[in-house]
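*Asks:* Residue strings, one per chain:
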Amino acid sequence: VLEPDQARTLVEAAAAGERGAWDRLVDEYAGLVWSVIRGCGVFGAEGADVSQTVWLRFVEHVGRLREADRAGAWLATTARHECFRVLRRAGRQVVTAEVPEVVVADEADHVVAALVAADDREAVLVALDGIPPRCRELLRLIATEPPLTYDDIAATLGVPRGWIGPTRGRCIQHLRRVLTERGIRHTVADSDSGKEAG
Amino acid sequence: MTDTEGRDEELFELLRRALLERERPPEAVVRAAKEAWTWRTIDAELAALSYDSLLDDQARAGVRGVAAARTLTFEAQDVRIEMEVTEDGDRRTLVGQVAPPVAEEVTIEWADGRPSLAVAGDELGRFRAERVGTGIARLRVGDAVVTPWLSI
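Each protein sequence line maps, in turn, to chains V and P. When the letters of the first sequence are read in order and numbered with my numbering, they come out as residues 1 to 198. When the letters of the second sequence are read in order and numbered with my numbering, they come out as residues 1001 to 1152.
Note that these hints are calculated values from the structure, not bench results. Don't take every hint at face value.
Derived CB-CB ranges, DEER-like [stated by the list, open to error]:
| id | chain 1 | residue 1 | chain 2 | residue 2 | range |
| --- | --- | --- | --- | --- | --- |
| 1 | V | P4 | P | E1045 | 26 to 34 Å |
| 2 | P | G1133 | V | D106 | 51 to 59 Å |
| 3 | P | A1099 | V | V1 | 42 to 50 Å |
| 4 | P | E1045 | V | E12 | 17 to 25 Å |
| 5 | P | V1102 | V | P147 | 38 to 46 Å |
These numbers were taken from a predicted model, which means no experiment stands behind them. The C-beta atom is built at its ideal place from N, Cα and C for all residues, glycine as well.
Assemble the whole structure, with the sequences as input and the hints as a guide.
*Replies:* Now the structure itself:
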């Protein structure tokens, strides 16, 4: 995982014209950009277009970043803006709704424990489809590598920093709810049902 | 930490690993991002995108239901570019003005390597490109100014 001062060094080297540093930056941050785009609900060829727009913009900005160690925050914010453009051009909804509280049944503990013990990544990704869109976006932002700080996430989403922790907690409850309602299934049909594939 | 909280964290950790493993960007996307480097410009001033109607809630609220054009404003040190993009299927018409009219032509550059398209401006700096394609593009105004890349 890239440390902030390593990120700064790479940004500065790329700004000075080093192609190798640029390639490293892409290797390090392409996943973060991609995950912000998926979190917005943009997939496939449209997602690839957004990603490319972000990177083209970053080429122009790499020498102009005010804080060279916050490249991740710049990339995430730019990616989200570009997603908005795509969604709005298509007349699709931009997700801003709040995340409601949810009450989870008692057996959730048991279900989650079994899921974790089985290291069932497929099931948890399928369940991700069933939680509020705002949660899908937030949890992806918290899960990125290199990690974004809560300040970065707040700036990216345009929310107060204090919004993140409680909302994250509610989002995990939504995930527990979906997993519990569905139970844990390992069928092939289930693994193929993730809409977000590709 | 209670058991439930501990399990919540285990669940999040499982999700995090699943996302990192299963939602990697496609290789073509990573390759294209690396190739973006070849567009590095050090010779021209980058105009700032100061207005985009797609990001303006009020503009959108006013025109609901109407196939409105997207309006954009770019600002550089000594020049301002206003542009309207109208969609017609997979064709775009770009109409704009460079003020003051500092350049004789505006060039549309495509990020995917399609040939650039030079459009002559009139004496007021107005330009018009009819029914060009879609894609990631930017404008170059004379030699001195480029706009940020936009998906049009």
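*Asks:* Run every hint past the structure and note whether it holds.
*Replies:* Against the structure, the hints come out as follows:
no., hint, verdict
1, V:P4 <-> P:E1045: 26 to 34 Å, "30 Å, holds"
2, P:G1133 <-> V:D106: 51 to 59 Å, "58 Å, holds"
3, P:A1099 <-> V:V1: 42 to 50 Å, "48 Å, holds"
4, P:E1045 <-> V:E12: 17 to 25 Å, "21 Å, holds"
5, P:V1102 <-> V:P147: 38 to 46 Å, "45 Å, holds"
Violated hints: none; the structure is consistent with every hint.
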